[in-house]
Amino acid sequence: MKQIRNFSIIAHIDHGKSTLADRLIQHAGLVSDRQFRDQILDNMDIERERGITIKSQTVTLPYTSKSGETFELNLIDTPGHVDFSYEVSRALASCEGVLLLVDASQGVQAQTVANLYAALEHDLTIIPVINKIDLISADVESVKEQIESELGLDSELAVLCSAKEGRGIEDILEAIVERIPPPRENSEKPLSALIFDAHYDSFRGTIVSCRIFDGSVRPGDVIRFMYNGSSYRVEEVGVFRLMRDPRKELRAGDVGYIISGVKTVSDTRVGDTITLESHPAAAPLPGFKEAKPVVFSSIYPMSSDEYQSLVDSLEKYKLNDAALVYQKDSSLALGQGFRCGFLGLLHLEIVQERLEREFDQSIIMTFPSVEYRFTLNDGSALTVDNPQYYPDPLAIKSSTEPYIKATVIMPERYMGAVMKLCLDKRAENPRFNYPSPGRVEVIFDMPLAEVVFDFYDKLKTVTQGYGSFDYDLIDYRESDLVKLDILVNGEKVDALSLIVHKERAREWGVQVCDRLKEEIPRHQFKIAIQGAIGGKIISRSTVTPFRKDVTAKCYGGDISRKRKLLEKQKKGKKRMKMVGAVMIPQSAFVAVLKTDNE
Amino acid sequence: MNSGENPGLYVHVPFCKTKCHYCGFYSSIDLSGIPRWLDALREEALLYRHEFKPFDSLYLGGGTPSVLPERDLATLMECVHDRFTFLPDSEITLEANPDDVTESKVSLLRDLGVNRISIGVQSFDEGELARLGRRHTAKQAEKVLDVVRSSGFDNVGIDLMFGLEGQNQDGWLKTLDRALRFAPDHLSCYQLTIEEGTPFAAESAERRLRVPGEEEQRSLFLATSAFLEERGYTHYEVSNFARGRDRFSRHNCKYWSHVPYLGLGPAAHSFLGGRRWWNVRSVENYCSTISAGGKPVEGFEELDEDQIVLESLMLGFRTRNGVTAELLACAGGAADTLRQLEESGLIEIAGERVCPTPRGFLVADSLPLLFTPCR
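These protein sequences, in sequence, are chains A and B. Counted the way the working numbering counts, the first sequence spans residues 705 to 1302. Counted the way the working numbering counts, the second sequence spans residues 40 to 414.
These are computed hints drawn from the structure, not numbers from a lab. Hints may contain errors.
Stated by the list, open to error - Mimicking DSSO-like on lysine-lysine, the simulated pairs with C-alpha atoms at most 27 Å apart in a straight line are: (1) Lys1257(A) with Lys1272(A); (2) Lys1257(A) with Lys213(B); (3) Lys1266(A) with Lys1278(A); (4) Lys1252(A) with Lys334(B); (5) Lys1252(A) with Lys1240(A); (6) Lys1109(A) with Lys993(A); (7) Lys1268(A) with Lys334(B); (8) Lys1257(A) with Lys58(B); (9) Lys58(B) with Lys1266(A); (10) Lys1266(A) with Lys334(B); (11) Lys334(B) with Lys1022(A).
As the list claims (entries may be wrong) - Chain B regions said to be covered by chain A (calculated; three or more residues, Cβ under 8 Å): (12) 81–87; (13) 185–199; (14) 287–301; (15) 343–355; (16) 399–407.
Said to hold, decoys possible - Per label pair, the in silico range of CB-to-CB distance: (17) Glu382(B) with Gln1031(A): 37 to 47 Å; (18) Glu90(B) with Arg1226(A): 43 to 53 Å; (19) Pro108(B) with Phe1250(A): 42 to 52 Å; (20) Phe1250(A) with Asn207(B): 20 to 30 Å; (21) Glu165(B) with Thr1246(A): 42 to 52 Å; (22) Lys58(B) with Gln1040(A): 36 to 46 Å; (23) Asp1253(A) with Glu165(B): 26 to 36 Å; (24) Asp1016(A) with Cys369(B): 51 to 61 Å; (25) Gln1040(A) with Glu90(B): 47 to 57 Å.
Small disclaimer: the values here were computed from a predicted structure and weren't measured. Idealized CB from N, CA, C, for every residue including glycine.
Model the full structure from these sequences, guided by the hints.
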């Protein structure tokens, strides 16, 4: 009988999760050292560059313990960012234990705490791992103290390692097989499998990653997705060993994949339960939620004749990203495009980058917005995630915006700066914890819109990178909102409008005008930039014209050279959008609200 | 424009007695290479004798064409007439430097059929001339202008430079005024440009050369335009002024309106039927390629439709004649942009033509980008 252990690695960003995963894979001998690329599980370029995991992947590692027993260790990789916390929770639900990774020099951070709570919710065995012990700044003793005091775990049980140098890997593997319980066996019950991920393969369709809790599944079975009732015939089941490794069946306790002719990733739902059509489970596994977008932005093609190509690219992209939602949208300034919903800002940036890199799209993304709710005088309710559809101010009875519970952990010395930032960002009801000497945890309520704007960047700045941040959506609260319009050269550019809190409108107006002044290149004529609420101008700036660029001579030999220069400049202009007579760079649409001190 | 329908012939005379400090054109100061170059030129001309329609302009440029000894000038003209057909009333221009123009050379040029002389005066200020590395004095230039006029040339051009070190508007207008005493038919006023690889470029990098700033250059440019327009000259191209349409440089206008031209000699450019090609730069390379029986062509390009449109915009916005509304429409020009430029005083819309004003000339290098679609 094979022995199985199912586990995840959870960590604050940059604490070395991917490197540790790489070492475990290397140790299992799944790849030769020659084939080894750093961060094997992060196979998208963006993931490798940013050092984050976007799509979680899974791998089954063979392991022979010191006592000579053989194991299959299923490492379920999890996305390491708050945008994807639901995906993380489904991955955790598929495990019996986790490695909680803590950086030996940075110690416990906000996401470490959030991750610990998530693991405790799922009743998982937690193995604290202190990573990066090779660093000169490593302070294992104080990290151990933090593990005791801030996480409430027995620091004596912490495993020390340096994933980078490959130290302590064996100890970790031993801890996994010794401490994490084996999955319970219920192969006789009806099939009950939890989907924790799905990805698209252009040859095989959707490949569903799942954890089998009860029963078993094999090729030829007809399975049913309990959420929408659709059923499919299973073509192949197997486990991941970097490549897919087909098996005769998956049984209770296994973690693997099912291929069953599901066309797109959107036909599946992370968190849904798979059962057998002929012998269904009585109830789906608990915890299913539909992933809801919280941040919205519009995507337009740089030039209107690229619209169809954008349509095709979004359709293809969507095959692999069930969390992205989009619908048609149009703007006077930017033409036909799409309004898109994202799980968060990181998700938004990922979609943008992948559309540009992998699909070669030249796009403009408008500044992100959250979803506002209005009650109108006639009693009707209205939800607005796009400033273009802001209702007539006279018809608004009340308005609300989404709030989050934010957690910031930082060294005590940054407390003043952080509190000031929080006040600037409309934070309410701060609660303080002092989990260990010299460190403060502040929990407060804050509008989500502030995070969308620039809170996180500012926090990093005021804490010099030592502040960590995590958040959860909590509720909608009353808020006095206005729509800030931006006029460029006297023309309202709808795609630059923003919904902002009334008291902060002026400040935003000034900032946006100043920012645009930096973003819009000098033209041959003067360009006025104005911020307006209703018809009232509240801020302005001017892009001064350049007045001379002509070269004196243009005869035989100069012509080709000059034209080539223009062609080059034209390429640069590709990232500009013509609004009236003004060329606005693509970057201006999102850059307007970035802070200056980056 | 006054480009004529027929092609133009350019001959590059790549020799100078000495090099001026600002000049980035290709030339050799080894005058002993002249005979060999002349032989090569005669061979090169043979290669193209059936490719062009009859020419209606000839331009001897350089370098310094006037540096050629009288015998070589005669040989050159003979060769050109032997190889190619010219229409009657062709414009035949020679660029001359004041220090090597003599009465006998001028009268020979007239006999050889040259009917337009363009004299590189550059400045009437002795200090400025020395700073530029010119070989002549203001006095010499004035004398040459007298000689040229008195020997019956009725189409005389003067080349001047502005934006020189230490030059202010008064000094510049004084130079212009002195030029006008000779009632030139044509004036080229070039803003000093620091060309890569020249002594000025080195001095400028070391901050030993200080030229007026952008705003001063700009006001010098506008002052020039106003000053000469008031005195009956048409500012017909960024750097060129003429007393009436018939005094525009017919040959140069061909460059600005895609009329075919053949360029002979090192570094010369040619254009025919959407194809542009250019010769190798060095005299040595040029001569040896030809004597080995090859074409001295260094490179070529075939212009596609978009490139022709882009060039037409680029060149059109450098001329008073401007561009046609049709061309703008074809390039994807927006009405908003035109209105904005007109309101800003950079262009004038005259019927079917969109013409830059002098202030428009100042931003001519970037105007095309406002009208070209990003493809």
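Starting from the hint 26 to 36 Å, judge whether the C-beta atoms of aspartate 1253(A) and glutamate 165(B) obey it. holds, 32 Å
Cβ distance range 43 to 53 Å for glutamate 90(B) and arginine 1226(A), holds or violated: holds, 45 Å
C-beta pair glutamine 1040(A), glutamate 90(B): status relative to the range 47 to 57 Å that was hinted: holds, 50 Å
May I ask you to test the hint 51 to 61 Å on the CB atoms belonging to aspartate 1016(A) and cysteine 369(B)? violated, 29 Å
Please work out if lysine 1252(A) and lysine 334(B) have their alpha carbons no farther apart than 27 Å. Violated, at about 40 Å.
So does lysine 58(B) sit 36 to 46 Å from glutamine 1040(A), Cβ to Cβ? With a Cβ separation near 59 Å, lysine 58(B) and glutamine 1040(A) fall outside 36 to 46 Å, so the hint is violated.
Are the Cα atoms of lysine 1252(A) and lysine 1240(A) separated by 27 Å or less? violated, 35 Å
With respect to the beta-carbon atoms only, verify the hint that proline 108(B) and phenylalanine 1250(A) lie 42 to 52 Å apart. For proline 108(B) and phenylalanine 1250(A) the Cβ distance comes to about 48 Å; the hint holds.
Taking 8 Å as the C-beta cutoff, is the stated coverage of the region 185–199 of chain B by chain A satisfied by three or more residues? violated (count 0)
Given the proposed pairing of lysine 1109(A) with lysine 993(A), does the C-alpha separation stay at or below 27 Å? holds, 20 Å
Between lysine 1266(A) and lysine 1278(A), does the CA-CA distance stay at or below 27 Å? holds, 19 Å
Would the hint linking lysine 1257(A) and lysine 58(B) be met if the CA-CA limit is 27 Å? holds, 19 Å
In this structure, the earlier hints numbered 4, 5, 11, 12, 13, 22 and 24 are contradicted, and the remaining ones agree with it.
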